[in-house]
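Residue numbers (the working numbering), protein chains in the order written: chain A, 1 to 261; chain B, 1 to 261; chain C, 1 to 261.
It is worth saying that the hints were derived from the structure and are not from the lab.
Check the hints yourself; a few may be wrong.
Note: identical chains are not told apart, hence a pair may lie in one copy or across any two.
Within a straight-line C-alpha distance of at most 25 Å, the following computed SDA-like cross-link-like pairs (lysine to any residue) qualify [claimed, not checked]:
#1 192 with 119
#2 192 with 115
#3 76 with 11
#4 246 with 220
#5 192 with 104
#6 241 with 27
#7 76 with 102
#8 192 with 120
This structure is a prediction, so every number in the text was calculated from the model and none was measured.
Chain by chain, the residues run as shown.
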Amino acid sequence: MAIVTLTTDFGTLYPASLKAVILGICPGMDIVDITHSVPHADIRAGAFAIYSVAEYFPEGTVHIAVVDPGVGTSRKAIIIVSGGQYFVGPDNGLMMPAAGKLGDPEVYEVTNKDLLSTVSSTFHGRDIFARVGAFIAQGLDVREIGRRIDDYIGLDISDALIQDSRIMAEVNYIDDFGNVITNIPHNLVNRKIMSGTVLKINGHNIPFLDIYAHVDAGCMICLIGSHGFFEIAVNQGSAAKSLGLKNGVSLNIELIGECGR
Amino acid sequence: MAIVTLTTDFGTLYPASLKAVILGICPGMDIVDITHSVPHADIRAGAFAIYSVAEYFPEGTVHIAVVDPGVGTSRKAIIIVSGGQYFVGPDNGLMMPAAGKLGDPEVYEVTNKDLLSTVSSTFHGRDIFARVGAFIAQGLDVREIGRRIDDYIGLDISDALIQDSRIMAEVNYIDDFGNVITNIPHNLVNRKIMSGTVLKINGHNIPFLDIYAHVDAGCMICLIGSHGFFEIAVNQGSAAKSLGLKNGVSLNIELIGECGR
Amino acid sequence: MAIVTLTTDFGTLYPASLKAVILGICPGMDIVDITHSVPHADIRAGAFAIYSVAEYFPEGTVHIAVVDPGVGTSRKAIIIVSGGQYFVGPDNGLMMPAAGKLGDPEVYEVTNKDLLSTVSSTFHGRDIFARVGAFIAQGLDVREIGRRIDDYIGLDISDALIQDSRIMAEVNYIDDFGNVITNIPHNLVNRKIMSGTVLKINGHNIPFLDIYAHVDAGCMICLIGSHGFFEIAVNQGSAAKSLGLKNGVSLNIELIGECGR
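Next comes chain A alone, as it looks inside the complex:
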């Protein structure tokens, strides 16, 4: 039996409508909330959320994702098939990083209107994506729901740039600990930074180490998080608060320590 996951910026009330629709079509289906706390309309943060967990789900899982500032406009509703898992949501890049991590994505535009109920202009999560996701979880072939397309929106969340001893980076996601997760992938770091190096990040000197407990409670640290990206943290505190950082802002990082490179 498949699993359906949900990733949205809906907060606390609207996800229940999606679950009602899914369980109406597939009684007993396992539904896992990835998060409903994606910052409102923040496609990059939503993309990171799905990217960070999709690989831990078994084959056949259907990920429904709705961070959708363009709801009601002409943006497409799409299905992505990759690595044996499925993604259903708007064509705005949201699901591409996760799909790309799992394999070689095939993208379909939802064209079979017979599967949908009356479609509101403001709640495609309930009226389109939940229904389509439930039918896929039930075993319906995606080719009966849509047509293969090649012109879809991409998104790269590993797009930091490195130049000599400087990294031009961005915040991908701020988690509930206040850890600041960047768009610097671990392989870029591994080539350039050794454990013990000191980095200057937005004016603060911060050591690059392996685990949070390597610095005292309240102290800043940077490390490779469990998601595979370079992350800035405060042991038992919030790096986002200490550094005044928000999703999507730029980071200016300089390697200054003596054990660097």
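Dock chains B and C against the given chain A, drawing on the hints supplied.
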């Protein structure tokens, strides 16, 4: 197999006790959280939450609802049967709008104490409503749990008043986007307001349009939300913050645009 | 079929990875979130959360708990068996109050590395505890996962001291209503305080009564909560805000009323 839903103002810890009780009686039961973030003791907001999603659940669903400032007093514990679905909770109006939307409600007072465990004076959600809901989900006839009553508390969440070009309205619910959902039902709006009309709401001029993306990011808009009520929103922002509005406050709305009526 | 519960300080994103791992090993398993809002690294608050709900779950339930400031250090990963239920998490006292309430705890250190996937240094919830919990829920004998130990970390959350008419207490937990739950167990209170007594708490005079509605909305009250501890509340308000209290702070309580003792 039935579904059990939960709607409370409990926040994050206490819902787990209800789930423990339900799964102890009905192993494997599907439990859907509608929301546990109803503002504390706000019966109207809780009523809106259940109202907005109940119709999407299949027949046989049991909705347990606990927004219960009168816990431990003589207020009744009730079951409502309507449109093939069940509602279990306190007799304070909380479940009436949803039940009324689904059909013609029959109300029962819980009288069979043999079904309950030791009842605390502060946590009827766990000690009464979760148990009763689980027994109904399991198939127990409501007439073995309670007796039919006619004297129960009602609640109308569509009670806006319209007078010439003025609407006296209230906030039903503020969602996690900061959208302000009013007590003005869509049919009242459809008779009076055309798309493109400008409305003066608490001193701000706001256009009535169809979808959020019809205004620029950061701009105010009003529309009929997917729940069927007149709603004030800011595209990719929070109307509640922009207008300084909270649950339950009054709204003074005036139709001033030239395409009105 | 068993139930798996989750109690963490993870917030909204990381719990999904644990669920992916659990459902990958045990398809269809019932997973109940106790809470993911334990204040960051607050072991006492996490311990209270599990303690307050574990007894309502049926035999065979597996509680996975992760409030783990020592992740990546040499602190042990343990399994506790007590009263027919299982607890899996770090050896830092987090699970001991709940396990002690259910019976006579047997503690095992996780030693069988073959059951684990690659273990990251920062996310043992996903890489160790979720996997171990899923295997136990599936029926694997704990003696095939670890070895019995006697040197584990304890924690007492009922450790208030009473001296004449004074109680030296601490805050165990602040719930989402803002109710302040102390470390004063009900049996200590029952011996010393009668309903109607007035208590002086951090400078405020507060009556000890039975139910929230016994005082007017906005007024302070203290009572024995449904969890069995002495609690300070504001009817339809937040005692934590009114008294300026946070998790872990000290309380100075004096019995001053005439009906006392």
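For each hint, the structure was consulted:
1. In this assembly of identical chains, the alpha carbons of residue 192 and residue 119 lie at most 25 Å apart only when taken from different copies (24 Å versus 51 Å within one copy).
2. In this assembly of identical chains, the alpha carbons of residue 192 and residue 115 never lie at most 25 Å apart, being 51 Å within a copy and 34 Å across copies at closest.
3. Taking identical chains as interchangeable, the C-alpha atoms of residue 76 and residue 11 lie at most 25 Å apart only when both belong to the same chain, with a minimum of 23 Å there against 32 Å between chains.
4. Both within a single protomer and between protomers do residue 246 and residue 220 lie at most 25 Å apart by alpha-carbon distance, with minima of 17 Å and 24 Å respectively.
5. Neither within a single protomer nor between protomers do residue 192 and residue 104 lie at most 25 Å apart by alpha-carbon distance, with minima of 29 Å and 52 Å respectively.
6. In this assembly of identical chains, residue 241 and residue 27 lie within 25 Å of each other by CA distance neither inside one copy nor across copies; the values are 43 Å within and 39 Å between.
7. When the C-alpha separation of residue 76 and residue 102 is checked against a cutoff of 25 Å, the pair qualifies only within one copy, where the shortest distance is 22 Å, while the shortest distance between copies is 33 Å.
8. In this homomeric assembly, residue 192 and residue 120 come within 25 Å of each other (Cα to Cα) only across copies, at 21 Å, whereas the closest approach inside a single copy is 50 Å.
Checked against the numbered hints above, the structure breaks hints 2, 5 and 6 and satisfies the rest.
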